[in-house]
Amino acid sequence: MLMDPTLGRVIERWRAGDREAFEEVIDRYGLQLLRTARLILRDPSLAEDAIQETFLKAWQRIGSLRDEDPGPWLTRIAMNESISLYRRRHRFQALTERFGRLSGVKHEVSSEARLDLTHALDQLTAEQRAAVALHYYQDLSVEETARVLKVPVDTTKSRLKTALRRLRELTGAEEAFA
Amino acid sequence: MSDDFEKNLREHLHSEAEETREFPRRLRGRIRDGIAPQARAGLAPQLALAGALVLVAVAVLAFRNPTIINVVTTKITQLIQPSPSPTPRPFLCQDQSGGSSGLTTQLTNIRPASHAGDGYDRIVFDFSGGIPSWDLTRQESATFTRDASGQQVTLDGSAGLKLVLRDADLADTVAGDLKPRFSSVREIAQLGNFERVLTYGIGLSSSQCVRVLPLSNPSRLAIDVATTASPSTTAAPTPLPTLSPSGTDLGAFSCLDTGGGADSGLAMQLTAVRVAHQTGFDRIVFEFAPQAGGTAHIPAYTVSRQASAQFVKDPSGMPVTMRGSAGLRIVFHGASGATSYTGSRDLTPNLPVVQEVEQLGDFEAVLSWGAGMSRASCLRTLELANPTRLVIDVQTP
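So the protein lines, in turn, are chains A and B. Letter 46 of the first sequence, counting from 1, is numbered 46 in our numbering, and no numbers are missing. Take any residue in the second sequence, count from 1 to its spot, add 1000: that is its number in our numbering.
Simulated from the structure, these hints should not be mistaken for lab results. Accuracy of the hints is not assured; some may be wrong.
Stated by the list, open to error - Away from chain B, derived, C-beta distances all over 10 Å, residues of chain A:
#	residue
1	Pro5
2	Arg19
3	Gly30
4	Arg61
5	Gly71
6	Ala133
7	Val142
8	Arg147
9	Asp154
To be verified - Quick list of the computed label-pair ranges, beta carbon to beta carbon:
#	chain 1	residue 1	chain 2	residue 2	range
10	A	Arg76	B	Arg1345	21 to 31 Å
11	B	Pro1024	A	Asp18	49 to 59 Å
12	A	His119	B	Gln1278	45 to 55 Å
13	B	Gly1098	A	Gly63	21 to 31 Å
14	A	Lys161	B	Gly1098	28 to 38 Å
15	A	Asp139	B	Val1391	16 to 26 Å
16	A	Lys161	B	Gln1291	46 to 56 Å
Yeah, the Cβ is synthetic: ideal placement off N, Cα and C, and Gly gets one too.
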């Protein structure tokens, strides 16, 4: 992706160790990344931790950024940070989710237990939420989402499909479309 | 095909995201603090070339006139020392060090001043040459041990800082004991002056974070001690390490990073990692064996302290968070455990200080491990033979 010349100059200054240029990059991408991380992590403090790590890594690894818009590169780092942070904080939950999937347990949702979308999103896995956030919030295509998450396109499609099905089920929207 | 549900989901996500209205200032501050000590990687090649040219020039001059070395090194040191930065450095709640070795310099004055309105007390150490190598160590009490005599001295206050200046002479005019009795800095006393090592104790009213500014023209080291919970410090003060001597003949604990060993010959093979508590310390042992045809030796190692239990795996770059709130990173060069080590690569001993010990990398004869600790602690390393072992003792409360 071609960069606009102004951004190109900012990146060059960043490469030379200019902290003010780096802060311009934070100004440009920070809020969007923080919002995305918060959608995935469901916790403002954890999201801030993830974005702090993202920018610290970006500062250290500027050498690995090619001549490209740093947006997708930063998003990739932020997604890695968010998902791994979520996994570390929710190891037990991740295990039970995995066990549930392996045993084919299907969580039935009674009409009394129907959730609003916020709480339904809480029930997804971090990987599913990352796919949903990138595709539906950042408006990335399925292919772009797959590239950011470093997973095959089919896996991304599958995550999105499963996530949507689960959200419909949890919110009762499934019945409305039946 | 997008349907109403997906449209609702999209709108919901945007609405949820927009609850975060701006990028928090504190987060920006945390990032700024995090990048502060980084070297300017992009300038590294140019700086290396410039450094090489300077070294060649100095070598030629030194060959013609050996006395030029001191003059040149002092001038270079003055040139490369940063002037006061337009962006104030953060106050750090940890030990710090800096300066240059091998200078000919003299401490000419110590000037305490209160800047309570700005949130700190300042002590300025003036030097006639460059700023010598220095270590500043925080401690929990205002009691210090005098160099050489070993005599205890208690300064005014309930916490302290110890400043060690190496390769520095002392001018006769410098006061041996100052009692400014500011809100943070209460007393500054000379603890030692022996073989060009000057030691000062600083009594503080309470444990506070510190900012150190090396300044030039004239050369001076400004130590700012926060008078309140430091406004530019985002993290709470880290627990202070204790500095009492070990009381054994195994050597004293030091609150600095350390290293040793030798990267020579065939890579050593890691055979065991053990962790155990003993009176006064938690001990981590790395045991090695030579490869066939190799000779037994401790591989070159560094032990680095860090203020969090977050590490990065080598070479994947994946983050790892261990138990605890502080950490040690141990890196061996010329060592591997890939084929020789069969034990656990993630030990969770839950000792008083050492909470977790995990392998962080084993790649191309660079072997790295991390230790998550419940608090920042001082260290002692022992290199032992038969079998070859590196012992890292982590001081416990």
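Evaluation of the provided hints:
1. Pro5: holds, 19 Å
2. Arg19: The claim breaks: Arg19(A) does not keep its Cβ more than 10 Å from every Cβ of chain B (closest is about 6 Å).
3. Gly30: Gly30(A) not clear of chain B: closest Cβ-Cβ about 4 Å, inside 10 Å.
4. Arg61: violated, 8 Å
5. Gly71: holds, 15 Å
6. Ala133: violated, 7 Å
7. Val142: holds, 12 Å
8. Arg147: Correct as stated: the minimum Cβ-Cβ distance to chain B is 18 Å, above 10 Å.
9. Asp154: holds, 18 Å
10. Arg76(A) to Arg1345(B): 21 to 31 Å: holds, 27 Å
11. Pro1024(B) to Asp18(A): 49 to 59 Å: violated, 23 Å
12. His119(A) to Gln1278(B): 45 to 55 Å: About 51 Å separates the Cβ atoms of His119(A) and Gln1278(B), which means 45 to 55 Å holds.
13. Gly1098(B) to Gly63(A): 21 to 31 Å: Since the Cβ atoms of Gly1098(B) and Gly63(A) sit about 26 Å apart, the hinted range of 21 to 31 Å holds.
14. Lys161(A) to Gly1098(B): 28 to 38 Å: violated, 57 Å
15. Asp139(A) to Val1391(B): 16 to 26 Å: Cβ of Asp139(A) to Cβ of Val1391(B): about 56 Å, so the range 16 to 26 Å is violated.
16. Lys161(A) to Gln1291(B): 46 to 56 Å: holds, 52 Å
Comparing the model with each earlier hint shows violations of hints 2, 3, 4, 6, 11, 14 and 15; every other hint is respected.
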